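Engineer: In this note's numbering, the protein residues as written are 1 to 265.
One or more hints might be untrue.
Unchecked claim - Straight-line C-alpha distance at most 20 Å; calculated SDA-like pairs for lysine to any residue: (1) 29 - 18; (2) 165 - 147; (3) 165 - 178; (4) 123 - 133; (5) 124 - 77; (6) 199 - 173; (7) 21 - 32; (8) 123 - 157; (9) 123 - 147; (10) 123 - 207; (11) 165 - 195; (12) 123 - 213; (13) 40 - 30; (14) 27 - 48; (15) 123 - 210; (16) 124 - 165; (17) 199 - 265; (18) 40 - 77; (19) 265 - 239; (20) 123 - 176.
What the hints assert, rightly or not - Quick list of the computed label-pair ranges, beta carbon to beta carbon: (21) 46 - 178: 48 to 56 Å; (22) 80 - 121: 37 to 45 Å; (23) 251 - 33: 56 to 64 Å; (24) 171 - 194: 15 to 23 Å; (25) 24 - 251: 51 to 59 Å; (26) 265 - 154: 26 to 34 Å; (27) 24 - 178: 30 to 38 Å; (28) 126 - 155: 14 to 22 Å; (29) 155 - 134: 20 to 28 Å.
Hints listed in this document are in silico derivations from the structure and should not be mistaken for laboratory results. Values in this document were obtained by computation on a predicted structure and should not be read as measured data. Quick reminder that beta carbons are idealized off the backbone N, C-alpha and C, glycines included.
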Amino acid sequence: MVEEMVNVLRQSERKLTEQAKRVTDAKLKVLSEQIKSAEKSLSLLDDVEDYVEQSLKTGSPQQVLRSKKQMMERMSEVTAQINVEELHPKEKADFAFSKDIRSLHHIGDIISSTTALQQCRVKKIGRITPAHNAVSFSLSMEAPDSSLSSFPLSSLRCSLVPVGKGDQPIHTTVTTTSTDPGVYRIQCNPSTHGTHTVKVQIYNVHLEDTSLVIPINPYLDNITPVRTITELNHPMEVAVSDDNCVIITEWEHHFITVLDREGKK
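Please model the complete structure; the sequences and the hints are all you need to start from.
Structural biologist: And the structure:
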């Protein structure tokens, strides 16, 4: 049994080493291309600098000013050939470990970050809870191997877009919980109730959209259609009787509150 486990570890070591080499080789190739692009751009700028210095040596300042248009055209020609995207550093996660608890034949894989992120999806959205003058809910992401994924908080972006009520996104605040690794707490201040599209972005990868329904919440003035009912304390469930009375259960004092059509107790 021990010998078999050692063989599995050795095979996994060779496999992970090969995968890591492919990832690092791809990274070095990108960096090499960036270096070549930067050297080419610097060479063009050196040509412009030599041109200006030569003009100053061979002619008067007035002649240099008269050739300003020609120099500006040359500068435009040089800058047009510079691809800023090629010079942008790709400081993303190079690779990540993806464990597979369903198999005992290997200890994991190394997969490129972009490929792994594109295969992730929003797994679960928790129930909406009031938070002061906002609402909050939890969500988690599922990796390709069906396990929860954890990402740096700085890499995670989340926004809500009301369905059928404009495409202006609602910005959110994302936090983590110390008790639930891989579970993120999303807090926002919505301007309307109803169905919202939840958009999640990790680094530069957009995950598949999912939906969330925000009910009429008496805690929020801006999404209460008539008025705010301030007499309630942590309402939990709402029902409407046959005579149009609203029955509300309150969690704080374990009360059942009955309101008439005008919202009075």
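Engineer: Hint by hint, which ones does this structure get wrong, listed from lowest number up?
Structural biologist: 2, 3, 4, 5, 14, 16, 17, 26
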